[in-house]
Amino acid sequence: GDSVTQMEGPVTLSEEAFLTINCTYTATGYPSLFWYVQYPGEGLQLLLKATKADDKGSNKGFEATYRKETTSFHLEKGSVQVSDSAVYFCALSAGYSTLTFGKGTMLLVSP
Amino acid sequence: GAVVSQHPSRVICKSGTSVKIECRSLDFQATTMFWYRQFPKQSLMLMATSNEGSKATYEQGVEKDKFLINHASLTLSTLTVTSAHPEDSSFYICSATPGQFSNQPQHFGDGTRLSIL
Numbered sequence: 001g002d003s004v005t006q007m008e009g010p011v012t013l014s015e016e017a018f019l020t021i022n023c024t025y026t027a028t029g030y031p032s033l034f035w036y037v038q039y040p041g042e043g044l045q046l047l048l049k050a051t052k053a054d055d056k057g058s059n060k061g062f063e064a065t066y067r068k069e070t071t072s073f074h075l076e077k078g079s080v081q082v083s084d085s086a087v088y089f090c091a092l093s094a095g096y097s098t099l100t101f102g103k104g105t106m107l108l109v110s111p
Numbered sequence: 001g002a003v004v005s006q007h008p009s010r011v012i013c014k015s016g017t018s019v020k021i022e023c024r025s026l027d028f029q030a031t032t033m034f035w036y037r038q039f040p041k042q043s044l045m046l047m048a049t050s051n052e053g054s055k056a057t058y059e060q061g062v063e064k065d066k067f068l069i070n071h072a073s074l075t076l077s078t079l080t081v082t083s084a085h086p087e088d089s090s091f092y093i094c095s096a097t098p099g100q101f102s103n104q105p106q107h108f109g110d111g112t113r114l115s116i117l
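In order, the protein sequences belong to chains A and B. Count the first sequence with the numbering used here and you get residues 1 to 111, in order. Count the second sequence with the numbering used here and you get residues 1 to 117, in order.
Mixed in with the good hints there might be a few duds.
[To be verified] Residues from chain A that face chain B, not an exhaustive set, calculated with beta carbons under 10 angstroms:
| no. | residue |
| --- | --- |
| 1 | 38 |
| 2 | 42 |
| 3 | 98 |
[Unchecked claim] Capping the alpha-carbon separation at 20 angstroms, the derived lysine to aspartate or glutamate pairs in EDC-like fashion look like this:
| no. | chain 1 | residue 1 | chain 2 | residue 2 |
| --- | --- | --- | --- | --- |
| 4 | A | 103 | A | 76 |
| 5 | B | 20 | B | 63 |
| 6 | A | 60 | A | 84 |
| 7 | A | 103 | B | 110 |
| 8 | B | 20 | B | 110 |
| 9 | A | 68 | A | 55 |
| 10 | B | 41 | A | 8 |
| 11 | B | 20 | A | 42 |
| 12 | B | 41 | A | 42 |
| 13 | B | 41 | A | 84 |
| 14 | B | 14 | B | 88 |
| 15 | A | 103 | B | 59 |
| 16 | B | 20 | B | 52 |
| 17 | A | 60 | A | 15 |
[What the hints assert, rightly or not] Partial pick of chain B residues on the chain A-facing surface, computed with a CB cut under 10 angstroms:
| no. | residue |
| --- | --- |
| 18 | 6 |
| 19 | 44 |
| 20 | 94 |
| 21 | 106 |
| 22 | 107 |
| 23 | 111 |
FYI, nobody ran anything at the bench for these hints, they're computed from the structure. All of these numbers come straight from a predicted model, not from anything done at the bench. Glycine is no exception: its CB is placed at the ideal position from the N, C-alpha and C atoms.
Isolated chain A, as found in the complex:
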C-alpha cells in the first residue's frame, strides 16, 4: 500500500539556518504530494503541494520538488525563523482525495 516516510525529529536549528526535512514515498500510479504544518494545539494547514513530477511547490519561503526518480519530496527553507517552529507532515494522495501521512517532524527554532 501507499506509505510516506519522514525523517524523525525533533530538528533543532538556530534562527536563519537552512532547513531540510526529508520525505520519501511509496505509491502506485502518480500521487499528488503535500506538506502540511501543524502549530501547537491547532489543526493542519496546507503549506504547499505538487501534483506531478518535477513540479515545485512553494509558499512562505518553503519549497519542495516532486522527484519521481527518487520518490522524494524534501522540504527546504533557506532561513528559518522562530515562528516556523511546528510539526511538519508530508502526505500523498493517490487516486482519490484520501491522504496518507508521514509521522510528522517537529521543528524547533531557537533565537
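Start from chain A and add chain B according to the hints.
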C-alpha cells in the same frame, strides 16, 4: 483561502457522556469530509471518510457504533462520540475537500481536544 470551522475546540466531560463535534466548510461545498484522531506526538489516524448523503466509510478498527458520523449537507459533518470513556480522550481533527480527486488538497479544522474524566 478555503476555511473549515470545527466546533467546539475543547470539551471536558464525565465518562458516559456523548459528545458531538461539528465540522463546517465555510466557503466551499465539501463533497467529502474526513475525521482523524491524533494521539500526543503522533501522526493523524484516519477514522472515517464521510460523503454527503451517504453512509460514512470507517477505517479498520474504528467502531461505527462508537463514533457516529453524519454528513447531512455539503457544508456540515458531525462526529458523535457515544458514551465516551477516558480512553476516547484525544485530539480529533476534521478536514474537507471540494472534490474527489487526488490533486485537490484537504482543508483542516483547528481540531477538538476531548478530555473524558
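Going through the hints against the structure:
1. 38: holds, 9 angstroms
2. 42: holds, 5 angstroms
3. 98: holds, 7 angstroms
4. A:103 <-> A:76: Holds, at about 18 angstroms.
5. B:20 <-> B:63: Holds. Residue 20 of chain B to residue 63 of chain B sits at ~16 angstroms (cutoff 20 angstroms).
6. A:60 <-> A:84: holds, 10 angstroms
7. A:103 <-> B:110: holds, 19 angstroms
8. B:20 <-> B:110: Holds, at roughly 16 angstroms.
9. A:68 <-> A:55: Given pair residue 68 of chain A, residue 55 of chain A holds - Cα atoms ~10 angstroms apart, limit 20 angstroms.
10. B:41 <-> A:8: holds, 11 angstroms
11. B:20 <-> A:42: Distance of about 19 angstroms is within 20 angstroms: holds.
12. B:41 <-> A:42: holds, 13 angstroms
13. B:41 <-> A:84: holds, 17 angstroms
14. B:14 <-> B:88: holds, 12 angstroms
15. A:103 <-> B:59: Roughly 18 angstroms between the alpha carbons, so the hint for residue 103 of chain A and residue 59 of chain B holds.
16. B:20 <-> B:52: holds, 18 angstroms
17. A:60 <-> A:15: holds, 15 angstroms
18. 6: Holds, because the Cβ-Cβ distance from residue 6 of chain B to chain A comes to roughly 7 angstroms (cut-off 10 angstroms).
19. 44: holds, 5 angstroms
20. 94: For residue 94 of chain B, the interface hint holds, since the closest Cβ of chain A sits about 8 angstroms away, which is under 10 angstroms.
21. 106: Constraint on residue 106 of chain B satisfied, holds at 6 angstroms.
22. 107: holds, 7 angstroms
23. 111: holds, 4 angstroms
When held up to the earlier numbered hints, the structure conflicts with none and fits them all.
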